[in-house]
Amino acid sequence: MKSVDRKDADECFSPVVMIRSTGMADHYCLDPLDPHGESEVFVVFEGRYPNIRLLSVINQNRDDILSDLVEEQRRDLIREIGAFYRPPLTARTATA
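Numbering-wise, my numbering puts 8 at position 8 of the sequence shown, and it's gapless, one number per residue.
No wet-lab data here; the hints were simulated from the structure.
Note that the structure is predicted; figures quoted are calculated from it, not measured.
No residue lacks a Cβ here, since even glycine has one placed at the ideal position from N, Cα and C.
Simulated restraints on C-beta separations: (1) Q60 with P87: 29 to 37 Å; (2) T90 with Q60: 34 to 42 Å; (3) D34 with T90: 27 to 35 Å.
With the hints as constraints, model all of the structure from the sequences given.
If you want it as structure tokens, here you go:
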């Protein structure tokens with residue numbers, strides 16, 4: 001696990017989700033390593049669903065756990081992010 005700078009980690013666990021001018025975005029997701037699903041991770045990513053590239057996954061211990069995740073756990077995070085950022089089905093159908 002890669003440790004994250006204290007200042008960056010404090011920003012990670014603030015309640016604000018913001019889009020950065022660099023094209024990166026961030027989002028809170030369920031921690032894929034928590035078997036009880038009670039904790040969250042802070043995910044930094046770029047791209048739009050389904051072409052999302054995970055850049056960093058910070059847990060509550062302020063460690064970057066991205067390298068510890070198996071492919072299925074990474075896909076779960078991408079699906080969770082996609083579900084949040086995609087417009088509702090009714091909105092997509094109305095514009096089609």
